[in-house]
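Novice: Assemble the whole structure, with the sequences as input and the hints as a guide.
Chain by chain, the residues run as shown.
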Amino acid sequence: MVLRKGQSDLMTAMILVSATLTIGLAFSALAMSQVSNIVSRGRMQQLLMSEQANLVLYREVENERSLCVGILRITPSVTNYALALLLVDASTGLVEQDLLEQGGGVIERLGAGQPNIVPERVPASSVYLIYRGDYYTVPMKSYVYIVRVPQDIIQNYVTQQRPFLVCISKEAIADSIASAIGEGGAKVVKLIVLTHIGSDLYEVGEWSAYP
Amino acid sequence: MLTRRVRRGQAEVIGGIIAISLLIVSTATIYFLATSTQSTATTEFAKRTSFEAERDAERVAVMYEPTSKGCIVSNVGAVVITIVRTWDSAGKPEELKISLPPGESISSWTLDNAPDLIVTSRGNVFAVKGECQKIANMLSNIPAPGGVSGQPFTSKELINPTRMTKGMNKKLLYAVVDGDVKSVIYYNGTKWLCSDGTNSYYYSNINGISISGLDLDYDSIYESIINDSRFCRPLSTPTVSEYNNFSDSTTVSYVFINLINIPENGVDTITVYFKIVVVISLPSTAAGGGDPHVITISPFITIAKGSLSFTAPATTATVSRGLQAQSGYTYVVSINGYAIFPVRGFNFGLNPGMYNLTLSTYITKKKGSNVNLNFFRLEYIAVVGAEIADPWR
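Chains H and L are the protein sequences, given in the same order.
Its first residue numbered 1, the first sequence is counted upward by one per residue in this note's numbering.
Its first residue numbered 1001, the second sequence is counted upward by one per residue in this note's numbering.
Hints may be right or wrong, so weigh each one.
Straight-line C-alpha distance at most 27 Å; calculated DSS-like pairs for lysine-lysine [as the list claims (entries may be wrong)]: (1) L:Lys1092 to H:Lys190; (2) H:Lys141 to H:Lys190; (3) L:Lys1069 to L:Lys1191; (4) H:Lys170 to L:Lys1366; (5) L:Lys1047 to H:Lys190; (6) L:Lys1097 to L:Lys1069; (7) H:Lys187 to H:Lys141; (8) H:Lys170 to H:Lys190; (9) L:Lys1047 to L:Lys1097; (10) H:Lys141 to H:Lys170; (11) H:Lys170 to L:Lys1191; (12) H:Lys170 to H:Lys187.
No lab work stands behind these hints: they were computed from the structure.
Specialist: What follows is the structure, given as structure tokens:
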């Protein structure tokens, strides 16, 4: 079968139009996807920036037995928080020990009461910590233990612009710190306040104490 | 010909419009996001800056009212303070909500029931009981004509027996009586502490001295006592006795190692305040019986670093009165005093750095008098014009 000249031109035109449309749509989709990605990350950065600016941590009481840190959100809002307690190498920023791994006794007070706290294990890939201004997942760990701040504390403190207490038992972590210090290098205990974004947890504040 | 050229142009224009629209939408989205981020950053950080300014503006003054033994907490700042939590002396927090507008006061607390700390809704922590008690110490022997008195010193400049036991290196204190080194014991309301300049030990209890006997002048502050032993003993409940074998002419010193830190560009004078409490007894038949002034007590302060030593005599005001619950001629004598050191007044100069501080007291009896010096105690020492060095804080 021999195509006539008009038919051949038509087919060429159709192929060219299809190719142009496909490339155009693909480029548009790619561009929109990139823009959407940038926007999504930008929105998240805004949210984290806002949360960081809103959170105040201060030392309320410290004695031989415990350290109590006050946590305050300066703008009242329903925000869910979780806490992590890590022993970090001061020079490298690497996490050496997860102090909540020992159990809830490490946190001897949360809010007004002294609840029986059971830390929860979450994948380290879902916990983002700040190191020199940028977010990174917890290095060299599979899991991180966290304590979720209960809803009654959110209702009675965070939404009412009142600082809530987190008391860390120095006695409970003394052995861990002593063994870590024995390995050399300066260590720092970090109480990290995390907030939920999607299914991940992002650091929005921390209190550092040198053992 | 013309129609075909127009159609080809149309396709290019439509394609161009789509591409440009895409570019504009993308650019606009990113631009608005950047603007919004900047706006969020500006708003949030302005909010935080404003909060920090308000937080910094929170000011509280603690005063002591001697008549009712009240601890008055006043808002002397420019913003309304909301007290959201208090801490008692047992280290227990209590949640509450008290609003304190500028210029107003809380006067319902006394020295007994005042909280150790108050916490505000902006996250400031203020000491109440300790401040109140320190002012009470200062005013204990001073008549209070007008009721409420001002605060003579800031808390960081004052060391009293309660403070001595908190957060300091307890090995840094000892006493010297006529050249013999003695250990010092004090009680902080919870436990006893013994320090001999080499070691220090906590005791939950001791034999030989009662807690109630530690407040000779009844001002609710325990005095530190000189232990009749060179060293503190590492026992759970040691038996101790207060040194009382003073000679007719004796010199008693309390030595604080590395107590003072003179800062760079400090003030021109350093003033050291102190309060000594002594007990003397006079046999009723002895010459001068009934007159406590037959004994001379002359305190002086030495600040020393290495081979440099600076000494100044103290100006004192003394109050003596018959010791309560004791018959005969037993007197408790409170000596409030101060010594001034001109920082730039010495040839060598009191240069910046850490200095030891020694409070020495020369005590001598009138000739022929049978007066006895029974006890010598230190109630507090305070430094104004220099910092209390870190080991003592």
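Novice: Holds or violated: Lys141 (chain H) with Lys170 (chain H), Cα cutoff 27 Å?
Specialist: It holds: about 24 Å lies between the C-alpha atoms, which stays within 27 Å.
Novice: Taken at face value, is the distance from the CA of Lys190 (chain H) to the CA of Lys1092 (chain L) at most 27 Å?
Specialist: holds, 24 Å
Novice: For the pair supplied as a hint, Lys187 (chain H) and Lys141 (chain H), confirm whether the alpha-carbon distance does not exceed 27 Å.
Specialist: Holds, at about 18 Å.
Novice: Hey, Lys170 (chain H) versus Lys190 (chain H), does the alpha-carbon distance stay inside 27 Å?
Specialist: holds, 13 Å
Novice: Just to be careful, I want the Cα atoms of Lys170 (chain H) and Lys1366 (chain L) compared with a cutoff of 27 Å; is the pair within it?
Specialist: violated, 56 Å
Novice: CA of Lys1069 (chain L) to CA of Lys1191 (chain L), is that 27 Å or under?
Specialist: Distance ~25 Å between Lys1069 (chain L) and Lys1191 (chain L) Cα, so the pair holds.
Novice: Given the proposed pairing of Lys1097 (chain L) with Lys1069 (chain L), does the C-alpha separation stay at or below 27 Å?
Specialist: Holds, at about 24 Å.
Novice: Taken at face value, is the distance from the CA of Lys1097 (chain L) to the CA of Lys1047 (chain L) at most 27 Å?
Specialist: The hint holds at about 24 Å.
Novice: Measure nothing beyond the straight line between the CA atoms of Lys170 (chain H) and Lys187 (chain H); if it is 27 Å or shorter, mark the hint as holding.
Specialist: Distance ~15 Å between Lys170 (chain H) and Lys187 (chain H) Cα, so the pair holds.
Novice: Are Lys1047 (chain L) and Lys190 (chain H) close enough, with their CA atoms no more than 27 Å apart?
Specialist: Measuring from Cα to Cα gives roughly 26 Å; hence the hint holds.
Novice: Would you mind confirming whether the straight-line C-alpha gap from Lys170 (chain H) to Lys1191 (chain L) stays at or under 27 Å?
Specialist: holds, 20 Å
Novice: So if I understand the rule, the pair passes when the alpha-carbon distance is 27 Å or less; does Lys141 (chain H) with Lys190 (chain H) pass?
Specialist: holds, 16 Å
In terms of the numbered hints stated before, the structure departs from hint 4 and from no other.
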